[in-house]
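2 protein chains.
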Amino acid sequence: MSKRALSVTREENFPEWYQAVVRDGDMAETSPVRGCMIIKPWGWGVWERIQAELDQRIKDTGHDNCYFPLFIPMSFIAKEAEHVEGFAKEMAVVTHHRLKNVGGKLELDPTAKLEEPLIVRPTSETIIGDAFQRWVKSYRDLPLLVNQWANVVRWEMRTRLFLRTAEFLWQEGHTAHADRDDAMAETMRMLEVYREFAENILAMPVIAGEKPANERFPGADNTYSIEAMMQDGKALQAGTSHYLGTHFAEAQSIQYQSAEGKLEYCHTTSWGVSTRLIGGVIMTHGDDDGLRVPPAIAPRQIVIVPMLRDKPEDASLLDYCAGLEKDLKAAGIRVLVDAKQVKSAEKRWSWVRRGAPVIIEIGGRDAAGGNVTFMRRDKLRDGDKVISQTMPLAQFVSEAPTLLSEIQASLFNEAKARLDANIVTGITSFDALADYFGAAADSDDEAGAFKGWVKVAWSRPEGAELDAIDDRLKALKLTIRNAPLGQEPVAGACVFTGAPAKEYVLIARAY
Amino acid sequence: MSKRALSVTREENFPEWYQAVVRDGDMAETSPVRGCMIIKPWGWGVWERIQAELDQRIKDTGHDNCYFPLFIPMSFIAKEAEHVEGFAKEMAVVTHHRLKNVGGKLELDPTAKLEEPLIVRPTSETIIGDAFQRWVKSYRDLPLLVNQWANVVRWEMRTRLFLRTAEFLWQEGHTAHADRDDAMAETMRMLEVYREFAENILAMPVIAGEKPANERFPGADNTYSIEAMMQDGKALQAGTSHYLGTHFAEAQSIQYQSAEGKLEYCHTTSWGVSTRLIGGVIMTHGDDDGLRVPPAIAPRQIVIVPMLRDKPEDASLLDYCAGLEKDLKAAGIRVLVDAKQVKSAEKRWSWVRRGAPVIIEIGGRDAAGGNVTFMRRDKLRDGDKVISQTMPLAQFVSEAPTLLSEIQASLFNEAKARLDANIVTGITSFDALADYFGAAADSDDEAGAFKGWVKVAWSRPEGAELDAIDDRLKALKLTIRNAPLGQEPVAGACVFTGAPAKEYVLIARAY
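Just so you know, the sequences run in chain order A and B. The opening residue of the first sequence carries number 1 in this note's numbering; numbering runs sequentially from there. The opening residue of the second sequence carries number 1 in this note's numbering; numbering runs sequentially from there.
Do not rely on the hints blindly, as some may be mistaken.
One copy or two, it doesn't matter: identical chains are merged, so the pair holds either way.
[Unchecked claim] Capping the alpha-carbon separation at 25 Å, the derived lysine to any residue pairs in SDA-like fashion look like this:
no., residue 1, residue 2
1, Lys451, Pro41
2, Lys385, Leu145
3, Lys100, Leu114
4, Lys340, Tyr265
I should point out that these hints are in silico values taken from the structure, not numbers from a laboratory.
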């Protein structure tokens, strides 16, 4: 039995702990629709902050937001399937546009069958490419830099809230450029936007790098990702940026007239992050008392819980809290007074589980003394004991912005130390790699000990050689995550092929 | 041939003029998917401002944003159809979850047929009601105040960009209350939020009132709307707020334990506005030169066009513009320097057609003299002549916020004067009503002269009597819009039944 606010600890059972945080932190719940989630107010508030912060960065780098249709004609998808290998076919298909009442029972109306089925967008390359083909005429129209925030659907068999759901929310950037250099610069620029955003806003350290050929987005020349380490040692791909070459442009006739009057194909890119980031935040920062939300994305950075006693004195306590709220708001802080008619201990723990960065409890003594008693969610306990601090109200208000910055930094530093300490190097053979991760395919990776990631040298094989390596890794439930950018010069032989190594790659179990 | 920036005037052909504004104002375009639109950057920017302003008001009135699934199980819809009369059945139905490659051709995979079809949400009462049934236990959980921003789909046969599309974007508020009084207060509160928002932010005067029984949302006890007058005299229903009684609560077992320990049904409400508002803004404020966007929702309130000549002097011109941009940004104004390599006249007219509230053109003389030359989009011409003003830069910057407020007010006042001047009273018989609107059903209401609205006294009939009136009005392409709130005491007999009148209602052609 846990001595913490959740019924299960990370060590006992990480997947169950994750579910408990999502549920008890009021983030999301499953719905009656297979694989689709209901995002609850606290979870939605986190997503709103993620959207606002990332949207600003997307606009600051020159992109315009647009909105494209939810549905994609099946012929578009068929065309993509022709020129793209490894194209996923699990998608929601709309075949009818009307129901009818048959003897009091609602049924599909067979007379309302669509001539061409419509696919609920799994991603929008094809429908946006079709618009690009109309919008791009001359080199003067380039680069064309577009983003949309949208829901997408991919039929997933095993779903997990935020991490893998049939419907999820994301942003998808789509851009067209005159040449490879400009498109590659865009691809790398957006990868860096994701890295900076993940680290500074989500307080989630990541490693940016290039995916191996077998992990590329279907149709991409190069795929780059940011990878984050979860507290169970697994990797979470938190964002991707793709250079698509001229594949999509050729399939969709996205052409422009150059300054020299020649007709040329555009080079395109796409890049996206999704509600999956929230799963990453939970598994990066959560502890056995629940979620810890970084202040930059906390819907409420400070929550004030008045210790009401259903007595006349409550009124002055509420006044005191309202004054504090006003002062904190004036300092630009997102603050809430939780005046619900519920026991204050219950309210305190509900905010602990939700992970509000700072929780203030105001009792009669605080109000009388002009003080504020508060808990930092990032440093909730000393051993088992919950710790709080008391200081004069004016001092608290003036120090609050710094306090929130400190919490943001402390969450990042804690995660960064974990990431840095758990990338193992020095493994030079496949056998040693297998040994390290526990050798057998039947090792239960869900409950396994923390293994982190391994960084090995490889020769960057492609084709059948890479497929064989992929199979050997899959048998160990491992994947190559990426080849980190800006890495040190490589030495030695490839851990897989024995050929001279070309670079280092990260290997891990992954979500 | 029009002497204006659009190829067609409002007077020549209002529907074609509308299409021209949408197209040439870079607001939206049709997509390859029947009835679904592509919202372009300028149109999307307007929607972002609408969302931001309205979202703040929704939060300020105590509502939490959530997100519910895109899909609704067919059984939920079937249940609703059972207890709700007049339930629309035109909806997109998902029947399969996979495609397969058959001899190089992509087809539906018959093995991937869903056991239960899924409906793409046309509105979310049923799926949100299902959550409410789980979330509400006690009177302490009430009121439950939820909103979501989402895309919805209704299969429409005749579509028109923004006004009626198969997929559209909206917010839908859903709330549960302990009793009728509280739910009715919520219904009216949100109607007032819509009215205030439409008038102060969209600069679109509206009349708030109650819909007649035959125009209620299926399942509602009372439906209220805000109605706006378009420049062709037609009414646009711009937002609705419904008191749903206990109908949905009874069908879905949304019950709570009262303070006295009794199990009671909740009283629920719902309310929404959609991307249709953008159509309303266009038809309220557009003129023959294109759109005029109210400053409060303009993605760029001031656009600076440097008159570049592809010469070395361009650099200092751009510096001057950058300085002006910085000063205006510091004043909290959304500003853009359009430095594209396109002729400045072309850029000027593209911003006129988009309806940027203030368009500045900076030439060498302005820069040398430290001046700003600008056009107000709301007062673009004197007769046929385009008018501009010049003033010192510092003066322009200091007066810019006031200028934008003036433009906001002038757009509202112009529309308000039109609304007030075009509600005809004094019609006391159905024949006179028919005469006023042109009598015959074959009168072409698209090209017809401006007729505005008529306010008549009626006896508030319901049932078969109301249906008969509805039929007579429909033959004239007319509908009852609403019974305005806070109206003066009624006198005389009902224009339809001859019985003593109970209130006034507005009658109009409508979108």
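Against the structure, the hints:
1. Lys451 - Pro41: neither (35 Å within a copy, 46 Å between copies)
2. Lys385 - Leu145: Close neither inside one copy (52 Å) nor across copies (36 Å); limit 25 Å.
3. Lys100 - Leu114: This pair counts as both: shortest intra-copy Cα distance 15 Å, inter-copy 18 Å.
4. Lys340 - Tyr265: between (61 Å within a copy, 22 Å between copies)
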